[in-house]
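Residue strings, one per chain:
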Amino acid sequence: MVSIRQNLATTAPPDFRNLGVMARALVFVNLLALAVAFVSEPVAVRMLDAFVRGTVLLEPLLLVSLAVLYAATPLLRRLDYWPACVTIAALVLALAAATHAALGEYTDVTLARMLIYTAASVTLVLAYLTLHLSAFSPALAEARLQALQARIRPHFLFNSLNAVLALIRRDPRRAERALEDLAELFRALMSDGRSLVRLADEISLIERYAAIEQLRLGERLRMSWDLDNAPMDALLPPLVLQPLLENAVYHGVEPGAGIGDVLVRIERRGERVHARIENPMPEAGQSARAGNHMALDNIRERLMLFFDAEARLESRVEGSRYRVEIDIPYRTGAV
Amino acid sequence: MSEAAGETRTELRVFIADDEAPARARLKELLADIRPELATVVVGESANGLDVIERLPGSGAQVLLLDIQMPGIGGIEVARHLGGLESAPAIVFVTAHDRHAVEAFELNALDYLMKPVRAERLAAALKKAQAAGPAPRERLERAAAGAREFFSIAERNRVVLVPVADVLYLKAELKYVTLRTRMGEHLIEEPLVAIEREFAERFVRVHRNCLVARAAIRGFERTAGGSEEEPYWNVVLADLEERLPVSRRQWPVVKSVLPEPKQ
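Protein chains in written order, with my numbering: chain A, 17 to 351; chain B, 28 to 290.
Because the hints were derived from the structure by calculation, they are not lab data.
Backbone N, C-alpha and C fix where the C-beta goes; we use that ideal spot for every residue, glycine too.
Misleading hints may appear alongside valid ones.
Stated by the list, open to error - Partial list, derived from the structure: chain B residues whose beta carbon lies under 10 angstroms from chain A:
#: 1; residue: A48
#: 2; residue: P49
#: 3; residue: E56
#: 4; residue: H124
Take the sequences, apply the hints, and build the full model.
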């Protein structure tokens, strides 16, 4: 039910547990109130006055509504788009009536007018939020997704096949395992990639990827895994970690003649999932390989697509190490 | 070709350079497979470019199977340095790039194999390389992706590498170019113009016959001669007593080097 596809096709209602959605609703409704004040009282001083008088009812209603919608999110997530929208409207209208009953005496707004304004605002906010979601046009987003998946470096495939060929006679069993890993990896890379995956699956994928690289690079690649506190049931868009690990090997290990230490650490911190991938910086004098930022930008974009303002992806150089960190909300659910 | 065709019992001496151990193992297997068709003996193996340059000259290799993507200095640069050897090996490049990338790198002019390598292709490439001998220098230069990391001096049976970063200045004298580092001098046989073009960011021309490392320039000194309006200048270099004259023609270019932070 929570999948990128549904978000993209806007068959899911806005997620009121998302910081970005909440902020947008707040700003949008207040702008709307300003606009209404402007239309009814075009003179600046009176307009502000009208706006301030309106806020006596508006702000309590707005805040209470967001709080209630936040609380109702688990219920809303189980509904389809239209039933969810109707539920949201009904909830907010009920709250509007309650607000009017409690605070009506401080203004001259009638209950009927208040309900009409509220209904109009809810419709506009939902339309705006839905529009905002679909602004990441599905076609565009899917094209980017596919571009990312096609991006796996051809040299990785050919070098891996070459390594497997070298094993076939000497160690057939290991060759078999390597081919299985490779098949699994490419299955994931070629899947349509729109639904969410469990962290456990993504971790198993990057472990397979690392096994293939290990075969190829031998002792030059030294992987350290810190996954003890990884929330295996967390949901995330597919192929977020693999390209980061591929980057770490491609930029940090392959160009160096010595041993390259690559660290993967994934842990849950409260309601957040934190992932860190570290690799050595290429030694001075060695020409750095280009083409890193496309992958980072692509991953960041996809995280935004799903988590909006709540996802973070940062990369930086710390001493002789290059570090990429991802921080996303901890979400679980059916895949 | 005549040698190999005439004496079937003579083994072709092959050197393998690839940073991935499985890739080297695979090439050895294939060489064994094609033995009925082409007898070879592996005279050396290396996992990085510097090691190839150090060990190949003494190995008596006739053909070098050379991976293009290697740590440190890559295959193309290795080939350029080995080209100066008296008994330079023929080189067959091996790459995991796809055909598209191969075209982009202008490797077409060279003999190359794509990974995974097939036995028949390997046999054909070895025969062809053996017949054709070392790749011409200008083809290698065209295939190079960027400036080299080293200058090389090919001696009778070894190649001396001088890191480009160590070079303070280069001076053309008759048919040689003198390469000056803190440690001493070397002679290389390359046109100064080509060096200037390849390392435009690193060296600046101060005189018709002289390039100076921008980073080594400490300042300028006026010299005797010239006039008040048009003085003659010398370059003052870091760690060197020697002064290098700046030609009047180059002075406007050269003097703009100093205020910039060194590279």
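**Message:** Let's test the interface hint: is any C-beta of chain A closer than 10 angstroms to that of B:H124?
**Reply:** Holds, because the Cβ-Cβ distance from B:H124 to chain A comes to roughly 6 angstroms (cut-off 10 angstroms).
**Message:** The hint names B:P49 as touching chain A; please verify it with the least Cβ-Cβ distance against 10 angstroms.
**Reply:** This hint holds: B:P49 lies near chain A, its Cβ roughly 4 angstroms from the closest one there, short of 10 angstroms.
**Asked** Was the hint right that B:A48 lines chain A, CB cutoff 10 angstroms?
**Response** Holds, about 5 angstroms.
**Asked** Does the nearest C-beta of chain A fall within a distance shorter than 10 angstroms of the C-beta of B:E56?
**Response** Check passed: Cβ of B:E56 comes within 7 angstroms of chain A, closer than 10 angstroms.
Comparing the model with each numbered hint stated earlier shows that all of them hold.
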